[in-house]
Amino acid sequence: MHPLIRLVARRIALGILLLLAASVLIFAGTEVLPGDVASAILGQGATEKTLANLREALGLDRPAVVRYFEWLGGVLQGDLGTSLTNRRDIATTLAGRMSNTLFLAFWAAVIAVPLAILLGLVAVRYQGRWPDKLISGTTLASISVPEFLLGYIAAFFLAVQFKLLPSVATMHGGMDLGDKLMAIALPVLVLVLTVLGHMMRMTRAAILNVMQSAYIETAELKGLSPFAVIARHALPNAIAPVVNVVMINLAYLVVGVVVVEVVFVYPGMGQYLVDHVAKRDVPVVQACGLIFAAVYIGLNLLADLISIIANPRLRHPK
Amino acid sequence: MRMPLSAAIGLFLTALYFLAAIFADLIAPYGMAEVVGDVWEPISAEHWLGTDSIGRDLLTRMIYGGQTTILIATVATLLSFTTGSILGFTAAVAGGWVDQALSRFVDLMMSIPSLIFALVVLSVMPVSLPVIILVMGLLDATRVFRLSRAVALDITVMDYVEAARLRGEGRGWIIFREILPNALSPLVAEMGLRFIFMVLFISTLSFLGLGVQPPMADWGGIVKENKDGIVWGVPAALVPAVAIATLAISVNLVADWILNRTASLKGGRGG
Amino acid sequence: MAEDILRIEGLKVEATIHPPGERPRDVVLVHEATLALAPGRVLGLIGESGAGKSTIGLAALGYGRGGVRLTAGRVVLGGTEIRAADAGVLRDLRGRRVTYVAQSAAAAFNPAKRLMEQVIEATLRHGLSTRPEAEARAVGLFRSLGLPDPEHFGRRFPHQVSGGQLQRAMTAMALCPRPDLVVFDEPTTALDVTTQIDVLAAIKRAIRETGVAALYITHDLAVVAQVADDILVLRHGRMVETGPTGTIITAPTEDYTRALVSVRAIAHPEAPPAEPILTVEGVSARYPGAAADVLSDVTVALAPGQTLAVVGESGSGKSTLARVITGLLPPASGAIRFAGRTLPARLAERTREDLREIQMIYQMADVAMNPRQTVRTIIGRPLEFYFGMKGAARDARVQELLDAIELGQGYADRYPAELSGGQKQRVSIARALAARPKVIICDEVTSALDPLVADGILKLLLDLQAREGVGYLFITHDIATVRAIADAIAVMHRGRVVRQGRKGQVLAPPFDDYTDLLLSSVPEMRTGWLEEVIAHRRMESAGH
Chain A
1 MHPLIRLVAR
11 RIALGILLLL
21 AASVLIFAGT
31 EVLPGDVASA
41 ILGQGATEKT
51 LANLREALGL
61 DRPAVVRYFE
71 WLGGVLQGDL
81 GTSLTNRRDI
91 ATTLAGRMSN
101 TLFLAFWAAV
111 IAVPLAILLG
121 LVAVRYQGRW
131 PDKLISGTTL
141 ASISVPEFLL
151 GYIAAFFLAV
161 QFKLLPSVAT
171 MHGGMDLGDK
181 LMAIALPVLV
191 LVLTVLGHMM
201 RMTRAAILNV
211 MQSAYIETAE
221 LKGLSPFAVI
231 ARHALPNAIA
241 PVVNVVMINL
251 AYLVVGVVVV
261 EVVFVYPGMG
271 QYLVDHVAKR
281 DVPVVQACGL
291 IFAAVYIGLN
301 LLADLISIIA
311 NPRLRHPK
Chain B
1 MRMPLSAAIG
11 LFLTALYFLA
21 AIFADLIAPY
31 GMAEVVGDVW
41 EPISAEHWLG
51 TDSIGRDLLT
61 RMIYGGQTTI
71 LIATVATLLS
81 FTTGSILGFT
91 AAVAGGWVDQ
101 ALSRFVDLMM
111 SIPSLIFALV
121 VLSVMPVSLP
131 VIILVMGLLD
141 ATRVFRLSRA
151 VALDITVMDY
161 VEAARLRGEG
171 RGWIIFREIL
181 PNALSPLVAE
191 MGLRFIFMVL
201 FISTLSFLGL
211 GVQPPMADWG
221 GIVKENKDGI
231 VWGVPAALVP
241 AVAIATLAIS
251 VNLVADWILN
261 RTASLKGGRG
271 G
Chain C
1 MAEDILRIEG
11 LKVEATIHPP
21 GERPRDVVLV
31 HEATLALAPG
41 RVLGLIGESG
51 AGKSTIGLAA
61 LGYGRGGVRL
71 TAGRVVLGGT
81 EIRAADAGVL
91 RDLRGRRVTY
101 VAQSAAAAFN
111 PAKRLMEQVI
121 EATLRHGLST
131 RPEAEARAVG
141 LFRSLGLPDP
151 EHFGRRFPHQ
161 VSGGQLQRAM
171 TAMALCPRPD
181 LVVFDEPTTA
191 LDVTTQIDVL
201 AAIKRAIRET
211 GVAALYITHD
221 LAVVAQVADD
231 ILVLRHGRMV
241 ETGPTGTIIT
251 APTEDYTRAL
261 VSVRAIAHPE
271 APPAEPILTV
281 EGVSARYPGA
291 AADVLSDVTV
301 ALAPGQTLAV
311 VGESGSGKST
321 LARVITGLLP
331 PASGAIRFAG
341 RTLPARLAER
351 TREDLREIQM
361 IYQMADVAMN
371 PRQTVRTIIG
381 RPLEFYFGMK
391 GAARDARVQE
401 LLDAIELGQG
411 YADRYPAELS
421 GGQKQRVSIA
431 RALAARPKVI
441 ICDEVTSALD
451 PLVADGILKL
461 LLDLQAREGV
471 GYLFITHDIA
481 TVRAIADAIA
491 VMHRGRVVRQ
501 GRKGQVLAPP
511 FDDYTDLLLS
521 SVPEMRTGWL
531 EEVIAHRRME
541 SAGH
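Chains as they are written, first to last, in this note's numbering: chain A, 1 to 318; chain B, 1 to 271; chain C, 1 to 544.
Don't read these hints as lab results, they were simulated from the structure. Please note that the accuracy of each hint is not assured.
DSS-like, lysine-lysine: derived pairs with alpha carbons at most 27 Å apart [what the hints assert, rightly or not]:
(1) B:Lys227 to A:Lys180
(2) A:Lys163 to A:Lys180
(3) A:Lys318 to C:Lys113
(4) A:Lys163 to B:Lys227
(5) C:Lys390 to C:Lys438
(6) A:Lys279 to A:Lys49
(7) C:Lys438 to C:Lys459
(8) B:Lys227 to A:Lys279
If you're wondering where the values come from, they're calculated on a predicted model, not measured in any experiment.
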């Protein structure tokens with residue numbers, strides 16, 4: 001077998017293993033720790049009797065290992081369990097919210113990724129001069145403010161002071177794409193700002209690293225134009241690190257989305273998760289946690305696979 | 001060596017925030033939970049930053065909020081640092097299965113975003129200060145572990161460490177006299193970055209209602225309390241943004257300076 | 001006489017350096033350089049590190065690395081003044097009229113592209129010929145440079161060929177567009193000595209066949225003597241001496257040039273044989289997880305107060321031998337005997353006395369000393385550790401050792417970063433001596449140093465040996481160093497000792513095949529040596 005295929009297969013197997021281990025960790029996080037779902041729901045006023053009743057009703061009296069495998073078996077068949085607070089099927093509720101979250105994340109990524117790469121290139125092109133300093137300074141400021149505050153700053157000025165955009169991102173079935181985009185304009189802006197800072201800084205570092213290689217000097221000494229040097233020599237080697245940077249930052253986006261949804265009261269998965277953490281609705285938290293972890297692990301896996309495939313040493317072994 | 005202006009400003013502002021936190025009781029104009037005026041009063045001579053959603057003095061809330069936020073972030077950073085760096089150094093120096101076990105476990109912890117993991121844990125744990133600090137510190141220790149292990153590994157392969165081993169030096173001398181002095185600067189710089197991360201993290205948790213609980217003040221909580229004012233054009237919720245951003249940038253500048261200083265010791269003449 | 005290809009007049013090169021925490025300042029890298037190169041001639045630029053030779057070489061392409069600027073004088077390439085030329089004119093010259101061969105071809109080739117693509121790139125970009133013509137020329141160059149399977153060589157990626165082959169491919173890349181001038185920047189320095197001779201011969205043949213003019217930059221006078229018609233000696237950015245190759249190496253007029261010519265001419269008479277103090281007996285060793293032995297059945301012996309030179313190329317196992325002797329890598333079989341006793345195989349099982357008696361000096365003095373310790377701590381620690389010396393007694397002994405390594409007063413409180421390369425290596429020596437060892441293992445201790453500095457270190461080591469009676473196990477790849485310092489020699493090749501004995505015996509015929517190859521590959525300081533060796537080898541291989 002080609003060693004590349006073997007390596008890719010091994011990495012994918014590792015990713016699946018990691019996801020399984022993460023599911024154990026998420027389950028254990030709500031089980032083994034001193035807290036307990038029943039006492040969390042009932043609060044301090046609970047008596048031993050009511051606690052025992054609730055534990056039995058929730059099936060908490062059976063061993064954790066058994067319940068883990070039941071839960072995992074359900075998840076694998078698309079059954080995420082029932083919400084404790086409203087007795088609804090979690091999978092059904094999540095489906096709509098997940099598509100909302102993906103819609104938001106998609107538009108944030110579509111704007112942030114090309115912009116970050118472009119700004120990274122500009123910063124490298126004018127390294128140490130004012131465009132570089134301006135971009136670096138602005139992004140440092142944007143990553144020094146938490147997402148939710150960026151959200152309120154944007155809402156305060158753009159929605160309240162100048163009344164350009166709606167401050168709350170309500171979504172409902174009857175909206176067409178234009179209405180929807182208008183509704184998510186502010187949350188997308190905030191997500192772009194937070195991800196952009198990290199992504200641009202890492203892109204800049206990755207490209208600088210490539211541009212300092214000896215083979216770039218070789219290309220310059222061949223009399224190639226700056227454009228040819230970048231397109232023919234820097235780009236093929238910069239793709240892997242830049243794609244890696246993009247993937248890692250899309251993973252940040254996954255977390256950013258949770259907070260931004262709360263700020264703009266956006267009916268997505270993040271808001272759903274935060275609401276149910278406060279309500280101590282453990283099955284919902286487990287389901288959302290697992291999905292977020294899966295997306296995160298998947299993006300990191302994708303980043304690794306791309307760097308493996310882009311490596312000429314692995315593609316063309318001796 | 002001369003201290004660059006940016007680092008001096010950073011150091012000054014960082015010190016200012018810490019001093020304000022330590023002496024909050026002395027400098028705060030009013031009591032922490034004392035209602036002293038109307039709802040969302042504008043800026044005035046009595047209330048330099050105006051009042052908040054139930055008529056408390058905002059400047060007072062900000063000072064006490066800074067105290068809580070900085071205290072939690074500092075303790076969590078210390079926890080994360082001691083745990084992470086001790087385990088990281090141990091993994092690097094011991095090697096073998098100890099290193100394998102610790103590293104794989106950290107890989108697993110890092111495969112789940114820390115905010116998500118914190119939310120999962122906080123859904124069953126009581127939301128109290130010790131629990132929050134413990135969760136934040138331990139989750140973040142994974143990053144410190146990775147860095148300190150990498151730094152220590154870089155140093156253990158150096159010939160001067162081998163020379164010390166060939167001399168017959170014990171593990172204590174090797175860790176404390178050969179490795180630690182060379183690992184200190186990158187670790188201290190990283191400590192600054194972890195501290196900022198902790199400030200952002202606790203603010204986010206409080207904003208989500210899962211961190212510091214009212215009536216205690218903290219910067220994230222102040223945003224939550226005053227966020228409804230935004231639609232009425234009241235900027236009270238934005239005040240913490242200024243505090244968090246200036247503190248974060250100041251600490252960043254100091255950390256950058258410490259890192260640069262290390263680079264100069266490795267390269268050119270120390271002078 | 002034809003118009004000069006390259007004429008440099010009064011060239012001054014400056015760079016801005018940015019010491020951390022200080023104001024950036026300008027330093028002059030090259031002062032008043034003047035040279036002329038006629039078509040088809042080869043000029044050797046020689047000097048130690050910091051002499052400005054690479055800077056001048058790149059100036060011929062109108063190129064300054066990282067902030068380096070040509071600030072005065074003229075650089076005229078084929079009638080065009082480069083210093084006044086704009087970017088477009090420079091691009092037109094580079095890769096067409098003048099090309100460049102770098103020291104590390106491994107880094108200079110783009111890892112993501114096939115060799116052929118890179119070799120013909122400049123030719124195509126400048127529109128000098130069609131792709132099939134360029135490829136045909138490249139294959140022809142591959143053939144004349146002695147590359148294997150020239151028809152298909154270009155299909156490979158850089159990581160798929162050896163270092164020596166890459167260096168030749170880089171030469172092909174430089175010659176492909178038929179330039180007027182090629183700048184060779186230390187093209188054989190990173191190669192093993194037996195590889196170097198082939199690459200050197202290939203480069204020389206290619207220069208002759210294409211009739212191109214060349215600037216050949218190196219720190220090794222013996223190498224440049226083989227390829228250059230004229231030589232220009234540089235030091236600290238200034239010209240020292242220039243003239244025809246024969247004159248420079250036989251009748252130099254400047255002291256500095258004379259020193260360069262007579263480098264490694266240390267006369268060290270061989271000591272008589274004696275009972276060994278350190279014996280390596282039938283040692284085989286492999287690294288954990290490795291499939292093959294790095295050392296197989298190695299037996300060598302070192303007499304007290306003498307020097308055993310262990311010589312071999314990279315991958316010969318000579319540094320592994322040092323790790324086995326010091327106990328860092330326990331052998332799979334065999335034993336280390338020292339002063340009548342068998343040493344425990346593992347470092348952890350050795351006594352402090354065992355460790356004290358065998359000390360080690362490393363190749364890279366930079367990383368052999370803790371950058372956070374002063375010279376006083378570095379040298380003083382063994383005194384404290386082995387002899388319990390403290391305070392004033394220790395400081396006095398540190399100063400004695402500093403005097404012994406000819407550094408004198410005022411060095412005890414410096415950090416390693418405040419010392420030059422040679423000074424650092426001297427401090428390493430003092431640290432080893434502080435333990436009053438019977439044997440010091442020297443692992444390539446002079447290979448990272450400039451020749452004159454290395455000479456100073458070798459002389460110091462010999463002096464100290466005469467005074468302290470310490471034995472050296474001297475690991476090196478450099479035959480000239482071996483001649484200068486050894487009493488006995490062991491030649492290693494692929495993990496085995498292929499030849500050993502007293503210096504006189506080992507360096508005298510009849511030789512085994514490998515020792516013959518190794519010894520005959522060492523460039524000699526005379527013109528015509530390369531041709532003789534190549535002719536000799538051709539005759540021998542015809543005879544077989």
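Each hint, compared with the structure:
{"no.": "1", "hint": "B:Lys227 to A:Lys180", "result": "holds, 24 Å"}
{"no.": "2", "hint": "A:Lys163 to A:Lys180", "result": "holds, 17 Å"}
{"no.": "3", "hint": "A:Lys318 to C:Lys113", "result": "holds, 15 Å"}
{"no.": "4", "hint": "A:Lys163 to B:Lys227", "result": "holds, 17 Å"}
{"no.": "5", "hint": "C:Lys390 to C:Lys438", "result": "holds, 23 Å"}
{"no.": "6", "hint": "A:Lys279 to A:Lys49", "result": "holds, 22 Å"}
{"no.": "7", "hint": "C:Lys438 to C:Lys459", "result": "holds, 19 Å"}
{"no.": "8", "hint": "B:Lys227 to A:Lys279", "result": "holds, 21 Å"}
Checked against the numbered hints above, the structure breaks none of them.
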